[in-house]
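Novice: The residues making up each chain are set out below.
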Amino acid sequence: MSDMVSTPYFSLAILFFAALGFGLAPLGLAWLWGRVFAPPKPNAIKNAIYECGLESKGDAWVQFNSAYYLYAIIFLIFDVEAVFLLPFAVAFTGLGAAACLAMLVFVLMLVEGLAWAWAKGVLTWA
Amino acid sequence: MAVDEQLKSEMARQGIVVTSLQELYNWGRRSSVWPMNFGLACCAIEMIATTMARWDMARFGAEVFRPSPRQADLLIVSGTVTKKMAPQVVRLYNQMPEPRYVIAMGACAISGGPFKQGYNVLKGIDRYIPVDVHIPGCPPRPEALLQAFIELQKKIDAQPLTGEGRPRFLDVDAQGEFPVPEPGEHDLEPTSNKGVWTVPVVIK
Numbered sequence: 001m002s003d004m005v006s007t008p009y010f011s012l013a014i015l016f017f018a019a020l021g022f023g024l025a026p027l028g029l030a031w032l033w034g035r036v037f038a039p040p041k042p043n044a045i046k047n048a049i050y051e052c053g054l055e056s057k058g059d060a061w062v063q064f065n066s067a068y069y070l071y072a073i074i075f076l077i078f079d080v081e082a083v084f085l086l087p088f089a090v091a092f093t094g095l096g097a098a099a100c101l102a103m104l105v106f107v108l109m110l111v112e113g114l115a116w117a118w119a120k121g122v123l124t125w126a
Numbered sequence: 001m002a003v004d005e006q007l008k009s010e011m012a013r014q015g016i017v018v019t020s021l022q023e024l025y026n027w028g029r030r031s032s033v034w035p036m037n038f039g040l041a042c043c044a045i046e047m048i049a050t051t052m053a054r055w056d057m058a059r060f061g062a063e064v065f066r067p068s069p070r071q072a073d074l075l076i077v078s079g080t081v082t083k084k085m086a087p088q089v090v091r092l093y094n095q096m097p098e099p100r101y102v103i104a105m106g107a108c109a110i111s112g113g114p115f116k117q118g119y120n121v122l123k124g125i126d127r128y129i130p131v132d133v134h135i136p137g138c139p140p141r142p143e144a145l146l147q148a149f150i151e152l153q154k155k156i157d158a159q160p161l162t163g164e165g166r167p168r169f170l171d172v173d174a175q176g177e178f179p180v181p182e183p184g185e186h187d188l189e190p191t192s193n194k195g196v197w198t199v200p201v202v203i204k
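Quick note, the sequences are listed as chains A and B, same order.
The opening position of the first sequence corresponds to residue 1 in my numbering, with each subsequent residue numbered one higher.
The opening position of the second sequence corresponds to residue 1 in my numbering, with each subsequent residue numbered one higher.
Same shape as in the complex, but just chain A:
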């Protein structure tokens, strides 16, 4: 027992359980409160899906067009590029050849992504 207390991890373990309790106790109390005190008056309309007052139609598990996902990815290319190009442009006159080469490689990597997307036909939306 004394061995366990003397280890440096003992206080960490206590903190861990305290943190766990800190998170779980409110959830448990809310659950208990709901079970014991909340006035349950369920009915079919109340238990139905909330859709701004309208009756929900169809399934919620619909598939979204993956074009949006690709759009987000391509946006990221230009976004990241802009973030790095701006300081590069500001400090351009004071930079050495090595820095310019490194930047060129970086931009080419992003351009490669764009070229890939272009070749895949992502940029033309049917």
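Hints were generated in silico from the structure; no laboratory data involved.
Mixed in with the good hints, there may be bad ones.
Looking from chain B toward chain A, a few residues come up when the C-beta cut is under 10 angstroms (computed) [said to hold, decoys possible]:
1) 31
2) 32
3) 69
4) 70
5) 87
6) 88
7) 92
8) 98
9) 170
10) 172
11) 174
12) 176
13) 177
Using C-beta positions, here's what the derived DEER-type ranges look like [said to hold, decoys possible]:
14) A/24 with B/31: 25 to 33 angstroms
15) A/56 with B/168: 23 to 31 angstroms
16) B/31 with A/22: 22 to 30 angstroms
17) B/64 with A/25: 20 to 28 angstroms
All figures in this text were calculated on a predicted structure; none of them were measured in a lab.
Idealized CB from N, CA, C, for every residue including glycine.
Position chain B relative to chain A; hints supplied.
Specialist: Just chain B now, kept in the frame of chain A:
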């Protein structure tokens, strides 16, 4: 058990606060009535103004307008209820958890108002759901909404938790579902909820 009012004020002067569970419960309920973020017509603009800095509904614990009926206690029917919109209003009311309250705000919501003769306007939302406070006016000023809210708070405060007159959610047998009307050939079907509203007899 009710606390003797005289004894209570006597003890309050001595620095001792005495309360009953009912008072404490109702105090908590009336001090945090969360309205639903829901507006129908021009009255909604006045309702929005009521929540803003000039009238500041937050003073009464009701600034948290919830965008979902699941978290709301109060439905402020602010504006003209068309027959197209009425089923949605009733369904939203049904989807609110107990305890729930309704303020019918403005001439349209309480009776159809200037559009009472219109073929497409519901002549008062109290035909389908129980309304706690009616506010006349076209539109009512924010002060009127505040007063209606204070009236609602008084009503909540005065509700006993047991016996006769207790709120619906503490009454096991009380009606919890309010039928949602369907658009019929000429009018909504049914034209009113008989359990909530009695059809007035027209004498010619």
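Novice: Hints broken by the structure, by number, lowest first?
Specialist: Failing hints, ascending: 1 and 2.
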